[in-house]
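S.K.: So you can see what is in the structure, the chains are spelled out below.
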Amino acid sequence: ETGVTQSPTHLIKTRGQQVTLRCSSQSGHNTVSWYQQALGQGPQFIFQYYREEENGRGNFPPRFSGLQFPNYSSELNVNALELDDSALYLCASSLRGVLGNTIYFGEGSWLTVV
Amino acid sequence: EDQVTQSPEALRLQEGESSSLNCSYTVSGLRGLFWYRQDPGKGPEFLFTLYSAGEEKEKERLKATLTKKESFLHITAPKPEDSATYLCAVVTQGGSEKLVFGKGTKLTVNP
Chain H
613 ETGVTQSPTH LIKTRGQQVT LRCSSQSGHN TVSWYQQALG QGPQFIFQYY
663 REEENGRGNF PPRFSGLQFP NYSSELNVNA LELDDSALYL CASSLRGVLG
713 NTIYFGEGSW LTVV
Chain Y
332 EDQVTQSPEA LRLQEGESSS LNCSYTVSGL RGLFWYRQDP GKGPEFLFTL
382 YSAGEEKEKE RLKATLTKKE SFLHITAPKP EDSATYLCAV VTQGGSEKLV
432 FGKGTKLTVN P
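As given, the protein sequences belong to chains H and Y, one line each in that order.
Following the working numbering, the numbering of the first sequence begins with 613 at its first residue and continues without gaps.
Following the working numbering, the numbering of the second sequence begins with 332 at its first residue and continues without gaps.
Hints in this document: simulated from the structure, not taken from any laboratory.
Treat the hints with care, as some may be off.
What the hints assert, rightly or not - Distance ranges between label pairs, derived from CB positions:
1. H:Val726 with Y:Ala384: 26 to 36 Å
2. Y:Gln334 with H:Arg663: 36 to 46 Å
3. H:Gly652 with Y:Ser349: 20 to 30 Å
As the list claims (entries may be wrong) - Output of the computed footprint for chain H on chain Y, the stretches with three or more beta carbons under 8 Å from beta carbons of chain H:
4. 374 to 384
5. 430 to 439
To be verified - Straight-line alpha carbon distances no greater than 20 Å define the calculated SDA-like cross-link-like pairs of lysine to any residue that follow:
6. Y:Lys434 with Y:Gln345
7. Y:Lys388 with Y:Asn353
8. Y:Lys373 with H:Asp697
9. Y:Lys434 with H:Arg675
10. Y:Lys434 with Y:Glu376
11. Y:Lys388 with Y:Gly425
12. Y:Lys434 with Y:Asp413
13. Y:Lys437 with H:Ala650
14. Y:Lys373 with H:Thr714
15. Y:Lys373 with H:Thr626
16. Y:Lys437 with Y:Leu378
17. Y:Lys434 with H:Phe672
18. Y:Lys400 with Y:Asn353
19. Y:Lys400 with Y:Lys373
20. Y:Lys434 with H:Gly670
21. Y:Lys373 with H:Gly668
22. H:Lys625 with H:Arg675
23. Y:Lys394 with Y:Thr336
24. Y:Lys394 with Y:Thr439
25. Y:Lys390 with H:Thr617
26. Y:Lys388 with H:His622
27. H:Lys625 with H:Thr724
28. Y:Lys410 with H:Thr724
29. Y:Lys399 with Y:Ala384
30. Y:Lys434 with H:Asp697
31. Y:Lys373 with H:Arg675
32. Y:Lys373 with Y:Thr439
33. Y:Lys434 with H:Trp722
34. Y:Lys373 with H:Pro620
35. Y:Lys373 with H:Ile624
36. Y:Lys434 with Y:Thr423
Note that the structure is a prediction, hence the values are computed from the model and not measured.
Just so it is clear, CB atoms sit at the ideal spot from N, CA and C, and this is done for glycine as well.
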């Protein structure tokens, strides 16, 4: 039990639609990162939020956007969905600057784009 | 560019047959190396963090070691419940504390 919760667990969307995924971080953690994991691949970093501001972004287009709220929970929004966006989306929670507190993941949200 | 390579891609063992998984990395400056276990359809489960060459950590049948170029995850007398994908990731100096992952090693332990 990591204390990182994600919703929804599964969803199916149509190409061109928009989706919002949600994450509640572990208590006391101020940093949330989002990762995309395609089948058979390792997770790929999308972006990170620290104290409500984006703090680093991976190689993903602008249609991937996010928010972090004052309680450190976070949202990942994806516009104009493409078939290749089908993946497991993972949220990771950590305490910035304290690597020893480690990085915990939620169970993920499975997105299927048809 | 930071790179993490894991080998083998897949490994089949008999119960009790010890082995090692490899994670080699090329990074600009290592802050930490992480090992995670991932069961099918689930999020990665944290196992270990290693920070400097020579460091070792153990948990039950697992032992992780770190050198300046690679890390090993040693599995002693594995059981079928150890079957999973094992992911290695690094956090590097500077910028956001993002994890750069390898593709993982899928371990199957047969009874």
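S.K.: Please go over all the hints and tell whether each is borne out by the structure.
M.R.: Hint check:
1. At about 48 Å, the CB distance of H:Val726 to Y:Ala384 disagrees with the hint of 26 to 36 Å.
2. Range check, Y:Gln334 to H:Arg663: Cβ separation about 30 Å, and the 36 to 46 Å hint is violated.
3. Checked against the given bound of 20 to 30 Å, the beta carbons of H:Gly652 and Y:Ser349, roughly 26 Å apart, stay inside it.
4. With 6 residues bearing a CB less than 8 Å from a CB of chain H, the region 374 to 384 of chain Y meets the requirement of three and the coverage assertion stands.
5. Restraint check on the region 430 to 439 of chain Y versus chain H: 6 residues with Cβ-Cβ distances below 8 Å, three needed, restraint holds.
6. Restraint check: the Cα-Cα separation between Y:Lys434 and Y:Gln345 comes to about 23 Å, which exceeds 20 Å; the hinted pair is violated.
7. For the hint pairing Y:Lys388 with Y:Asn353, the CA-to-CA distance comes to about 15 Å; that is within 20 Å, so the pair holds.
8. Between Y:Lys373 and H:Asp697, the direct Cα distance comes to roughly 18 Å. Compliance with the 20 Å bound is thereby established for this hinted pair.
9. Taking the CA atoms of Y:Lys434 and H:Arg675, the gap is near 25 Å; set against the 20 Å cutoff, the hint is violated.
10. Restraint check: the Cα-Cα separation between Y:Lys434 and Y:Glu376 comes to about 15 Å, which is no more than 20 Å; the hinted pair holds.
11. In summary, the hint linking Y:Lys388 to Y:Gly425 is not supported, as the alpha carbons are separated by about 25 Å, beyond the 20 Å threshold.
12. Our distance criterion of 20 Å between C-alpha atoms is met by Y:Lys434 and Y:Asp413, whose separation comes to about 18 Å.
13. Restraint check: the Cα-Cα separation between Y:Lys437 and H:Ala650 comes to about 15 Å, which is no more than 20 Å; the hinted pair holds.
14. At most 20 Å may separate the alpha-carbon atoms for a hinted pair to count; Y:Lys373 and H:Thr714 meet this at roughly 18 Å.
15. With a C-alpha separation of about 24 Å, the suggested pairing of Y:Lys373 with H:Thr626 is violated against the 20 Å cut-off.
16. Proposed proximity of Y:Lys437 and Y:Leu378 is supported: the alpha carbons are some 16 Å apart, at most 20 Å.
17. Of the pairs offered as hints, the one joining Y:Lys434 and H:Phe672 holds, with about 18 Å between alpha carbons and a cut-off of 20 Å not exceeded.
18. Restraint check for Y:Lys400 and Y:Asn353: satisfied, since their Cα atoms lie roughly 11 Å apart, inside the 20 Å limit.
19. Distance check on the hinted pair: Y:Lys400 and Y:Lys373 sit about 29 Å apart at the alpha-carbon level, beyond 20 Å; violated.
20. Restraint check for Y:Lys434 and H:Gly670: satisfied, since their Cα atoms lie roughly 17 Å apart, inside the 20 Å limit.
21. With a C-alpha separation of about 25 Å, the suggested pair Y:Lys373 and H:Gly668 falls outside the 20 Å cut-off, and the hint is violated.
22. A hinted pair counts as satisfied when its Cα atoms are at most 20 Å apart, and H:Lys625 with H:Arg675 qualifies at roughly 15 Å.
23. Restraint check for Y:Lys394 and Y:Thr336: the C-alpha separation of about 19 Å stays at or below 20 Å, so the hint holds.
24. As the CA atoms of Y:Lys394 and Y:Thr439 are separated by approximately 18 Å, the hinted pair is consistent with the 20 Å bound.
25. Between Y:Lys390 and H:Thr617 the CA atoms are separated by roughly 25 Å; this puts the pair beyond 20 Å, and the hint is violated.
26. Straight-line distance between C-alpha atoms of Y:Lys388 and H:His622 comes to about 35 Å, which puts the hinted pair past the 20 Å bound.
27. Our distance criterion of 20 Å between C-alpha atoms is met by H:Lys625 and H:Thr724, whose separation comes to about 6 Å.
28. For the hint linking Y:Lys410 to H:Thr724, the alpha-carbon distance of about 33 Å lies beyond 20 Å, and the restraint is violated.
29. Straight-line distance between C-alpha atoms of Y:Lys399 and Y:Ala384 comes to about 5 Å, which keeps the hinted pair within the 20 Å bound.
30. Proposed proximity of Y:Lys434 and H:Asp697 is supported: the alpha carbons are some 18 Å apart, at most 20 Å.
31. Using a Cα cut-off of 20 Å, the hinted pair Y:Lys373 and H:Arg675 is violated, with the two alpha carbons roughly 26 Å apart.
32. A hinted pair counts as satisfied when its Cα atoms are at most 20 Å apart, and Y:Lys373 with Y:Thr439 qualifies at roughly 17 Å.
33. As the CA atoms of Y:Lys434 and H:Trp722 are separated by approximately 19 Å, the hinted pair is consistent with the 20 Å bound.
34. Note on Y:Lys373 and H:Pro620: the hinted pairing holds, with a Cα-Cα distance of about 13 Å set against a maximum of 20 Å.
35. At most 20 Å may separate the alpha-carbon atoms for a hinted pair to count; Y:Lys373 and H:Ile624 meet this at roughly 18 Å.
36. For a cut-off of 20 Å, the pair hint linking Y:Lys434 to Y:Thr423 stands: about 18 Å separates their Cα positions.
In this structure, the earlier hints numbered 1, 2, 6, 9, 11, 15, 19, 21, 25, 26, 28, 31 are contradicted, and the remaining ones agree with it.
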